[in-house]
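Chemist: As they're listed, the protein sequences go chains H and D.
Numbering follows UniProt numbering, with no gaps: position 275 of the first sequence is 275.
Numbering follows UniProt numbering, with no gaps: position 149 of the second sequence is 149.
Don't take each hint at face value.
Take a look, some chain D residues computed to stay more than 12 angstroms from chain H by CB distance [unchecked claim]: (1) Thr-4; (2) Asp-260; (3) Asp-400.
Derived BS3-like pairs (lysine-lysine); straight-line CA-CA distance at most 25 angstroms [stated by the list, open to error]: (4) D:Lys-150 / D:Lys-74; (5) D:Lys-74 / H:Lys-20; (6) D:Lys-326 / D:Lys-364; (7) D:Lys-326 / D:Lys-497; (8) H:Lys-121 / D:Lys-226; (9) D:Lys-74 / D:Lys-146; (10) D:Lys-201 / D:Lys-146; (11) D:Lys-24 / D:Lys-201; (12) D:Lys-364 / H:Lys-40.
Please keep in mind that the hints were generated in silico from the structure rather than gathered at the bench.
Note that CB positions come from ideal geometry on N, CA and C, so glycine has one too.
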Amino acid sequence: MTDQFTPPPALGCRTSPVLKQRGQREVFCGLTGIIWLHRKIQDAFFLVVGSRTCAHLLQSAAGVMIFAEPRFGTAILEESDLAGLNDTHAELDRTVNELLSRRPDIRQLFLVGSCPSEVIKLDLSRAAERLTQQFAPKVRVLEYSGSGIETTFTQGEDACLAAMVPVLPATNERELLVVGALPDVVEDQMLSLLDGLGVGPVRVLPARSVDTEMGVGENTVYALTQPFLTETHAALERRGAHHLAAPFPFGDEGTTAWLAAIAAEFGVSDEKFKEVTEAPRRRARAAIAQASQPLHGQSAFFFPDSQLEVPLARFLTRECGMTAIEVGMPYIHDAVHGPDLDLLPSGPQISEGQDVDMQLDRCRAARPDLTVCGLGLANPLEAEGLSTKWAIELVFTPVHFYEQAGDLASLFARPLRRKSILGVAAE
Amino acid sequence: MKLTVWTYEGPPHVGAMRVATGMKGLHYVLHAPQGDTYADLLFTMIERRDHRPPVTYTTFQARDLGSDTAGLFKRACQDAYDRFKPEAIIVGASCTAELIQDDPGGLAETMGLDIPVIPLELPSYQRKENFGADETFFQIVRHLAKPMEKTARMSCNIIGPTALGFRHRDDVQEITNLLYELGIEVNVTAPMGATPSDIAKMGQAHFNVLLYPETGEQAARYCEKKFDQPYTKVIPIGAGATYDFIAEVRSLSDSIAQIDTDRLRQTWWSRSVDSTYLTGKRVFIFGDGTHVLTAARIARDEMGFEVAGMGCYNREQARPVRALAKEFGLEALITDDYLEVERTIEALQPEMILGTQMERHIGKRLGIPCAVISAPVHVQDFPARYSPQMGFEGANVIFDTWIHPLVMGLEEHLLHMFREDFEFNDAAGPSHHGGHAPAASAGGAQAPVSDSGKMKPEVQPTGEVIWLDQAERELKKIPFFVRGKARRNTESYAADKGLQEISIDTLYEAKAHFAR
Numbered sequence: 001m002t003d004q005f006t007p008p009p010a011l012g013c014r015t016s017p018v019l020k021q022r023g024q025r026e027v028f029c030g031l032t033g034i035i036w037l038h039r040k041i042q043d044a045f046f047l048v049v050g051s052r053t054c055a056h057l058l059q060s061a062a063g064v065m066i067f068a069e070p071r072f073g074t075a076i077l078e079e080s081d082l083a084g085l086n087d088t089h090a091e092l093d094r095t096v097n098e099l100l101s102r103r104p105d106i107r108q109l110f111l112v113g114s115c116p117s118e119v120i121k122l123d124l125s126r127a128a129e130r131l132t133q134q135f136a137p138k139v140r141v142l143e144y145s146g147s148g149i150e151t152t153f154t155q156g157e158d159a160c161l162a163a164m165v166p167v168l169p170a171t172n173e174r175e176l177l178v179v180g181a182l183p184d185v186v187e188d189q190m191l192s193l194l195d196g197l198g199v200g201p202v203r204v205l206p207a208r209s210v211d212t213e214m215g216v217g218e219n220t221v222y223a224l225t226q227p228f229l230t231e232t233h234a235a236l237e238r239r240g241a242h243h244l245a246a247p248f249p250f251g252d253e254g255t256t257a258w259l260a261a262i263a264a265e266f267g268v269s270d271e272k273f274k275e276v277t278e279a280p281r282r283r284a285r286a287a288i289a290q291a292s293q294p295l296h297g298q299s300a301f302f303f304p305d306s307q308l309e310v311p312l313a314r315f316l317t318r319e320c321g322m323t324a325i326e327v328g329m330p331y332i333h334d335a336v337h338g339p340d341l342d343l344l345p346s347g348p349q350i351s352e353g354q355d356v357d358m359q360l361d362r363c364r365a366a367r368p369d370l371t372v373c374g375l376g377l378a379n380p381l382e383a384e385g386l387s388t389k390w391a392i393e394l395v396f397t398p399v400h401f402y403e404q405a406g407d408l409a410s411l412f413a414r415p416l417r418r419k420s421i422l423g424v425a426a427e
Numbered sequence: 001m002k003l004t005v006w007t008y009e010g011p012p013h014v015g016a017m018r019v020a021t022g023m024k025g026l027h028y029v030l031h032a033p034q035g036d037t038y039a040d041l042l043f044t045m046i047e048r049r050d051h052r053p054p055v056t057y058t059t060f061q062a063r064d065l066g067s068d069t070a071g072l073f074k075r076a077c078q079d080a081y082d083r084f085k086p087e088a089i090i091v092g093a094s095c096t097a098e099l100i101q102d103d104p105g106g107l108a109e110t111m112g113l114d115i116p117v118i119p120l121e122l123p124s125y126q127r128k129e130n131f132g133a134d135e136t137f138f139q140i141v142r143h144l145a146k147p148m149e150k151t152a153r154m155s156c157n158i159i160g161p162t163a164l165g166f167r168h169r170d171d172v173q174e175i176t177n178l179l180y181e182l183g184i185e186v187n188v189t190a191p192m193g194a195t196p197s198d199i200a201k202m203g204q205a206h207f208n209v210l211l212y213p214e215t216g217e218q219a220a221r222y223c224e225k226k227f228d229q230p231y232t233k234v235i236p237i238g239a240g241a242t243y244d245f246i247a248e249v250r251s252l253s254d255s256i257a258q259i260d261t262d263r264l265r266q267t268w269w270s271r272s273v274d275s276t277y278l279t280g281k282r283v284f285i286f287g288d289g290t291h292v293l294t295a296a297r298i299a300r301d302e303m304g305f306e307v308a309g310m311g312c313y314n315r316e317q318a319r320p321v322r323a324l325a326k327e328f329g330l331e332a333l334i335t336d337d338y339l340e341v342e343r344t345i346e347a348l349q350p351e352m353i354l355g356t357q358m359e360r361h362i363g364k365r366l367g368i369p370c371a372v373i374s375a376p377v378h379v380q381d382f383p384a385r386y387s388p389q390m391g392f393e394g395a396n397v398i399f400d401t402w403i404h405p406l407v408m409g410l411e412e413h414l415l416h417m418f419r420e421d422f423e424f425n426d427a428a429g430p431s432h433h434g435g436h437a438p439a440a441s442a443g444g445a446q447a448p449v450s451d452s453g454k455m456k457p458e459v460q461p462t463g464e465v466i467w468l469d470q471a472e473r474e475l476k477k478i479p480f481f482v483r484g485k486a487r488r489n490t491e492s493y494a495a496d497k498g499l500q501e502i503s504i505d506t507l508y509e510a511k512a513h514f515a516r
């Protein structure tokens with residue numbers, strides 16, 4: 001099935017020594033996941049229980065007001081709330097009542113823990129239980145933490161999905177559960193590929209609405225579409241479901257390997273697999289070949305940000321002809337990231353966690369052709385003459401599966417193209 | 001607890017960052033969890049700064065909480081000192097660190113650094129961004145500025161501008177030039193552009209020019225008391241205010257130098273014939289107190305608008321805003337709840353909003369044009385070109401900025417005449433709006449609808465008054481940019497007359513009644 005690929009490297013990065021440092025981390029916290037989750041889960045509202053900083057973060061990260069009224073908000077803790085916990089619970093109930101009367105269309109409410117609510121040990125699980133009782137069956141209230149002392153950027157989605165697993169009804173059906181929030185158009189492409197393969201029934205977590213039927217049990221097999229879903233992975237294993245380990249569906253190779261793992265599990269014949277995947281694979285390869293031209297022979301340096309770094313490094317090195325200098329991840333989880341690490345040829349420094357100043361020193365010394373980093377670092381590095389790709393776009397742009405493979409390559413190629421158009425010489 | 005969907009001001013440590021980032025040679029060590037580093041991107045992305053803000057975050061995590069967050073703070077502080085070699089350090093805590101009570105100021109003092117270490121007390125759960133900036137700058141001045149002999153030549157300090165300020169960069173240049181024309185040297189501009197050693201020399205100036213009371217008033221008062229430096233009270237935004245400012249500076253400096261006013265076009269532009277269409281346009285003004293106060297004066301006295309409502313989000317400025325509103329026969333709206341602002345705008349149906357990034361959005365939803373006059377701002381509000389708000393050039397810039405969202409004079413008549421034309425109709429909107437036509441009047445096809453999916457119907461019965469079909473159709477014939485006003489006037493006329501229904505006659509009787 002994978003005959004058209006470069007053979008796997010003799011030595012991948014799975015056993016490479018990992019550089020672990022800690023210090024200032026230049027990443028968003030998990031609250032930011034709300035920004036895409038509230039568009040994805042259309043009947044949900046995300047209520048952060050936190051400080052003015054949390055509210056400010058959300059609107060800054062959301063590009064300052066894209067939507068007239070977003071389905072997220074902050075219950076801002078005030079001085080009076082910090083005095084006693086009983087008061088805080090009563091205050092939270094009042095705030096939730098206010099919110100739900102304003103928004104009668106809301107069917108799922110997520111109470112989202114933040115740094116301050118965790119430090120004052122505000123028990124949101126108790127609050128969620130109490131509020132569920134009050135508002136059931138119309139509104140389901142769940143809670144998770146998106147705090148910066150517990151989570152980074154994309155881990156918020158993980159915490160949210162993990163919070164949904166325990167309330168999934170039990171089932172003994174043999175079903176495929178695909179886990180991870182994808183743009184609707186990408187999700188539909190994926191479902192149509194799986195449908196073509198004859199795999200089914202397929203459920204998607206998160207579902208677009210609370211009424212979608214979905215269960216989990218010992219016969220459930222699941223595949224992750226996002227490499228940051230390690231807690232959800234653990235929660236599903238606790239429910240007895242079985243994980244299909246695979247590289248992530250980025251580029252031709254990743255998508256094919258991801259589908260192949262599912263096809264093998266569901267006994268899809270090689271002919272069938274080829275029949276379904278041949279045309280989109282051909283398109284993906286052609287698109288990548290065209291879009292990735294500026295990337296050939298160029299080097300990349302990944303700051304840890306979105307947790308997509310290892311699969312993307314695999315894509316850029318194996319399908320776009322780049323070399324990786326350093327691949328940083330906020331954290332590494334062998335069961336989830338292992339298949340991609342196996343394919344990533346050894347050589348780059350693999351790092352976990354961050355001391356941003358030390359990492360910047362390494363980056364400046366290496367002078368990579370392309371640096372993948374968060375928004376806080378991008379302009380300063382551009383000003384130093386380095387080309388950068390904002391990691392955030394990789395989370396907000398459709399980049400998964402065959403039809404987006406060319407777009408994914410061109411996201412990385414664009415900074416290099418721009419540099420050559422503007423005639424900015426690398427210093 | 002307070003339910004917030006959007007907020008006008010960030011937390012106070014973001015205010016402190018605005019001061020630190022504006023300055024040079026100063027470093028801010030902030031005790032904060034990792035998520036708080038988001039604030040860096042306000043400067044690197046929204047303001048497009050080419051350097052990271054000079055802030056070191058301790059980035060503590062949950063696992064540190066039981067152990068030694070104080071040790072973490074001291075290490076981060078030492079690392080920042082070694083790496084960045086600042087002239088001075090400010091230290092503080094963000095909201096979460098405030099809860100764990102490590103006392104960063106006390107910890108930093110015990111480290112024996114050979115540079116000034118300035119502790120900040122910014123109560124996160126009580127105060128907001130502007131307070132944070134004002135207090136931080138005050139503490140820096142209090143710790144670093146020393147009494148000094150005044151300069152031989154007449155000089156002043158310019159105080160208040162910060163990083164991420166609304167056009168601060170260009171305002172400073174404009175006012176510096178104006179002072180130069182008046183024969184006055186600028187001793188120190190701070191916080192923006194100043195180093196800690198510049199701050200130390202602030203006492204040399206004869207007086208202070210306070211450009212932004214929001215971020216510099218405490219420092220201005222302190223300098224008045226300590227260094228015998230009076231400060232200017234007039235904010236030179238608008239032509240009239242700029243003349244008043246010049247007069248005030250003359251009285252503080254004895255300058256008699258002539259000012260070249262040839263560059264001031266705004267006063268003639270306002271009198272030119274095309275501007276007759278501006279006359280009596282009803283505007284709603286909202287933003288920070290300083291910009292609202294100055295905008296209200298420009299709107300009424302220099303543009304000929306009717307101020308239909310005004311207010312500010314920062315309570316520190318509530319008193320002067322209330323007072324000026326009263327002078328205008330209005331009641332000021334003092335709130336930081338943007339939903340309340342939205343409701344007010346919806347009820348007033350102004351023809352234009354002068355507001356912040358928030359109101360721009362409200363305007364988009366309601367189909368009312370909006371010009372931005374104040375922070376909070378968007379990446380668009382940091383233009384590449386020179387566009388001050390202050391001084392004579394600022395008055396010119398404001399004239400352009402305010403009238404561009406409006407339908408221009410001749411265009412207004414053409415829209416009226418050809419309203420049934422297939423490509424020159426309501427839905428197309430004014431030509432210069434491009435893709436941002438106020439869509440609410442277009443039947444809602446591409447309107448940025450709120451998530452609840454509710455779109456305001458064109459004619460919305462308010463209270464007991466019902467629009468009859470014919471009247472409703474007639475209302476739609478009125479150009480969209482005055483339709484909101486017509487609807488509101490007709491409804492209030494009907495309510496006054498105790499009418500239950502609105503007919504075509506009611507519509508035209510109301511029109512005659514409100515004719516001006």
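Chemist: For the pair we were handed, Lys-150 (chain D) and Lys-74 (chain D), check the Cα-Cα distance against 25 angstroms.
Modeler: 39 angstroms, violated
Chemist: What's the verdict on Lys-201 (chain D) and Lys-146 (chain D), does the C-alpha distance respect the 25 angstroms limit or exceed it?
Modeler: 7 angstroms, holds
Chemist: Taking only the CA atoms, is the gap from Lys-326 (chain D) to Lys-364 (chain D) under or equal to 25 angstroms?
Modeler: 29 angstroms, violated
Chemist: Holds or violated: Lys-364 (chain D) with Lys-40 (chain H), Cα cutoff 25 angstroms?
Modeler: Given that 25 angstroms is the threshold and the Cα spacing comes to 24 angstroms, the pair holds.
Chemist: Per the stated criterion, does the least C-beta distance between Asp-400 (chain D) and chain H lie above 12 angstroms, as a non-interface residue requires?
Modeler: At roughly 23 angstroms from the nearest Cβ of chain H, Asp-400 (chain D) sits farther out than 12 angstroms, so the non-interface label holds.
Chemist: Given the hint that Lys-121 (chain H) pairs with Lys-226 (chain D), test it: the Cα-Cα distance must not exceed 25 angstroms.
Modeler: 45 angstroms, violated
Chemist: Is Lys-326 (chain D) close enough to Lys-497 (chain D), meaning Cα to Cα at most 25 angstroms?
Modeler: Status violated; Cα separation ~28 angstroms.
Chemist: Lys-74 (chain D) and Lys-20 (chain H) were given as a pair; does the straight-line alpha-carbon distance stay at or below 25 angstroms?
Modeler: With a Cα-Cα distance of about 21 angstroms, the restraint between Lys-74 (chain D) and Lys-20 (chain H) holds, given a limit of 25 angstroms.
Chemist: Taken at face value, is the distance from the CA of Lys-146 (chain D) to the CA of Lys-74 (chain D) at most 25 angstroms?
Modeler: 29 angstroms, violated
Chemist: Do the alpha carbons of Lys-24 (chain D) and Lys-201 (chain D) lie within 25 angstroms of each other, as the hint requires?
Modeler: 15 angstroms, holds
Chemist: Can we confirm that no CB of chain H comes within 12 angstroms of the CB of Asp-260 (chain D)?
Modeler: Nearest chain H Cβ is 37 angstroms from Asp-260 (chain D), so the label holds.
Chemist: Find the nearest Cβ of chain H to the Cβ of Thr-4 (chain D) and say whether that gap is larger than 12 angstroms.
Modeler: The claim breaks: Thr-4 (chain D) does not keep its Cβ more than 12 angstroms from every Cβ of chain H (closest is about 5 angstroms).
Hint compliance for this structure: hints 1, 4, 6, 7, 8 and 9 are not met, and every other hint is.
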